[in-house]
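Using our numbering, read the sequence shown as starting at 3 and increasing by one per residue.
Hints listed in this document are in silico derivations from the structure and should not be mistaken for laboratory results.
Fair warning: there could be bad hints in the mix.
Said to hold, decoys possible - When the alpha-carbon atoms are kept at most 30 Å apart in a straight line, the in silico DSSO-like pairs for lysine-lysine are as follows:
hint, residue 1, residue 2
1, Lys37, Lys48
2, Lys10, Lys71
3, Lys71, Lys41
4, Lys10, Lys37
5, Lys78, Lys32
6, Lys32, Lys71
7, Lys78, Lys37
8, Lys73, Lys32
9, Lys48, Lys32
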Amino acid sequence: MDELLAIKELLINDLISYEQALRRLWQLPKPWTTKHWEKMRSIHLKDACENCGSTTQPLVIQHTVQPTKFKEHYEKIMSSYRPEKEEEEISEELVYNYLKENSEIRNACPTCGVTTIR
3 MDELLAIKEL
13 LINDLISYEQ
23 ALRRLWQLPK
33 PWTTKHWEKM
43 RSIHLKDACE
53 NCGSTTQPLV
63 IQHTVQPTKF
73 KEHYEKIMSS
83 YRPEKEEEEI
93 SEELVYNYLK
103 ENSEIRNACP
113 TCGVTTIR
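Generate coordinates for the entire structure from the input sequences, incorporating the hints supplied.
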């Protein structure tokens with residue numbers, strides 16, 4: 003847990019990049035391999051299920067609340083950097099006027115559309 007806080011402090015103080023922080027996080031041991039996890043497991047995991055009383059092994063700790071997914075955090079943050087999208091409906095008249103102003107009428111092959119006719 004101290005390692006996580008150390009990485010967080012380095013990141014907050016701009017001493018490491020997000021990429022470096024992520025690499026360090028991946029190098030940390032898995033939570034279930036730590037002494038702290040074993041201690042918490044013995045405290046929270048009883049001899050029987052607290053909901054139904056079953057003693058059938060293996061008993062496991064089940065998360066009742068799922069953390070927010072990375073993608074949801076990412077989309078929320080990135081959307082704050084994008085300007086609000088104007089929901090303007092594009093009419094046929096706007097398309098016609100745009101094409102009229104930005105197009106050039108040229109002879110072309112009726113089959114393949116090539117404009118260099120020989």
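Hint-by-hint comparison with the structure:
Between the alpha carbons of Lys37 and Lys48 the distance comes to roughly 18 Å, so the proposed pair stays at or under 30 Å and holds. At most 30 Å may separate the alpha-carbon atoms for a hinted pair to count; Lys10 and Lys71 meet this at roughly 19 Å. Taking the CA atoms of Lys71 and Lys41, the gap is near 27 Å; set against the 30 Å cutoff, the hint holds. Proximity of Lys10 to Lys37 is assessed by CA-CA distance (about 21 Å); at most 30 Å being required, the pair is judged to hold.
Taking the CA atoms of Lys78 and Lys32, the gap is near 28 Å; set against the 30 Å cutoff, the hint holds. Pair hint Lys32 plus Lys71 holds up; C-alpha atoms about 19 Å apart against a cutoff of 30 Å. Using a Cα cut-off of 30 Å, the hinted pair Lys78 and Lys37 is violated, with the two alpha carbons roughly 35 Å apart. Under the criterion of a C-alpha separation no larger than 30 Å, the hint pairing Lys73 with Lys32 is consistent with the structure, at around 22 Å.
A threshold of 30 Å between alpha carbons decides the hint, and for Lys48 with Lys32 the separation of about 22 Å falls inside it, so the pair holds.
Against the hints set out earlier in the document, a violation occurs for number 7 only.
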